[in-house]
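Engineer: So for the sequence shown, my numbering puts the first residue at 1; every next one is plus one.
Calculated directly from the structure, the hints in this document are not laboratory data. Careful, some of the hints might be misleading.
To be verified - Lysine to aspartate or glutamate pairs mimicking EDC-like chemistry, simulated, CA-CA at most 20 Å apart:
| no. | residue 1 | residue 2 |
| --- | --- | --- |
| 1 | K204 | D111 |
| 2 | K173 | E187 |
| 3 | K204 | D41 |
| 4 | K173 | D111 |
| 5 | K173 | D149 |
| 6 | K97 | E181 |
| 7 | K204 | E26 |
| 8 | K97 | D41 |
| 9 | K97 | D186 |
| 10 | K97 | D171 |
| 11 | K97 | D111 |
| 12 | K204 | E11 |
| 13 | K97 | D8 |
| 14 | K204 | E16 |
| 15 | K173 | E150 |
| 16 | K97 | E187 |
| 17 | K204 | E84 |
| 18 | K97 | D119 |
| 19 | K204 | D33 |
| 20 | K173 | E84 |
| 21 | K97 | E180 |
| 22 | K97 | E4 |
| 23 | K97 | E21 |
| 24 | K173 | D186 |
As the list claims (entries may be wrong) - Pairwise CB distance ranges (calculated):
| no. | residue 1 | residue 2 | range |
| --- | --- | --- | --- |
| 25 | P135 | E104 | 18 to 24 Å |
| 26 | E21 | A112 | 36 to 42 Å |
| 27 | E150 | E4 | 14 to 20 Å |
| 28 | A179 | Q44 | 42 to 48 Å |
Using N, Cα and C, we set each Cβ at its ideal position, and we do this for glycine too.
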Amino acid sequence: MLLEPLSDYVEARRREFDRIESTRMEVLTPLADRLQRELSDGRQPQVVFVCTHNSRRSHLAQLWTAAAAVDRELPIHSWSGGTEATRFDHRAVASLKRAGFEIESAGGGLDAGYLARFDSTMTPMRCFSKVHDEPPNPDADFIAVMVCDEADRGCPHLSGASCRFAIPFLDPKIADGTAEETRTYDERCRQVAREMLWIIDRTKAAV
Numbered sequence: 001m002l003l004e005p006l007s008d009y010v011e012a013r014r015r016e017f018d019r020i021e022s023t024r025m026e027v028l029t030p031l032a033d034r035l036q037r038e039l040s041d042g043r044q045p046q047v048v049f050v051c052t053h054n055s056r057r058s059h060l061a062q063l064w065t066a067a068a069a070v071d072r073e074l075p076i077h078s079w080s081g082g083t084e085a086t087r088f089d090h091r092a093v094a095s096l097k098r099a100g101f102e103i104e105s106a107g108g109g110l111d112a113g114y115l116a117r118f119d120s121t122m123t124p125m126r127c128f129s130k131v132h133d134e135p136p137n138p139d140a141d142f143i144a145v146m147v148c149d150e151a152d153r154g155c156p157h158l159s160g161a162s163c164r165f166a167i168p169f170l171d172p173k174i175a176d177g178t179a180e181e182t183r184t185y186d187e188r189c190r191q192v193a194r195e196m197l198w199i200i201d202r203t204k205a206a207v
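Using the sequences plus the hints, can you model the full thing?
Structural biologist: What follows is the structure, encoded as structure tokens:
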């Protein structure tokens, strides 16, 4: 069961599905269809979200997909990585905490990342910046989802991926250090949550 503050946030995002434009749904639907096919074949989909730095958007997508899958009781596993490793940005972490995730430092410095929980019974997920093909990410038979245009252009081939989709999001980094920083990160967090929830709900309805 999702943590209570997060559950309220999730239901609020589901009530916003009508905000997703039809052209955006065309971008999201292929991933939902692929997840449905793998589940129908008795498989447990492994999804790796990739952006350039594995710092913001890919972590948001990973955690929202994980939470949505648990909420709908689907055996879908999500991961994230970059074309290079940096750090899980503290502003993105803060936006997830405001949404209702429980997140704390993993210890060992910023490079060690964070421990995130969205369910009261779960073992915390360790979230840290890494290159997309580094452990603990799967190295074969995974679904690759590119969440930024730069990674989509700069990483034309991901070894081991069974298929690849592009679902780009605008980078909230553009607002770093400005008066719009918190609003921009919260807006992106809401969008990623809304769209990952839509994908998982569509998948659930088709299984």
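Engineer: Work down the list of hints and note, for each, if the structure agrees.
Structural biologist: Structure-based check of all given hints:
no.	hint	result
1	K204 x D111	violated (35 Å)
2	K173 x E187	holds (12 Å)
3	K204 x D41	holds (14 Å)
4	K173 x D111	holds (19 Å)
5	K173 x D149	holds (14 Å)
6	K97 x E181	holds (15 Å)
7	K204 x E26	holds (18 Å)
8	K97 x D41	violated (35 Å)
9	K97 x D186	holds (10 Å)
10	K97 x D171	holds (19 Å)
11	K97 x D111	holds (19 Å)
12	K204 x E11	holds (16 Å)
13	K97 x D8	holds (13 Å)
14	K204 x E16	holds (18 Å)
15	K173 x E150	holds (14 Å)
16	K97 x E187	holds (14 Å)
17	K204 x E84	violated (33 Å)
18	K97 x D119	holds (13 Å)
19	K204 x D33	holds (10 Å)
20	K173 x E84	holds (16 Å)
21	K97 x E180	holds (18 Å)
22	K97 x E4	holds (13 Å)
23	K97 x E21	violated (27 Å)
24	K173 x D186	holds (12 Å)
25	P135 x E104: 18 to 24 Å	holds (22 Å)
26	E21 x A112: 36 to 42 Å	holds (39 Å)
27	E150 x E4: 14 to 20 Å	violated (37 Å)
28	A179 x Q44: 42 to 48 Å	holds (44 Å)
Consistency with the previously given hints fails for numbers 1, 8, 17, 23, 27, ordered from lowest to highest.
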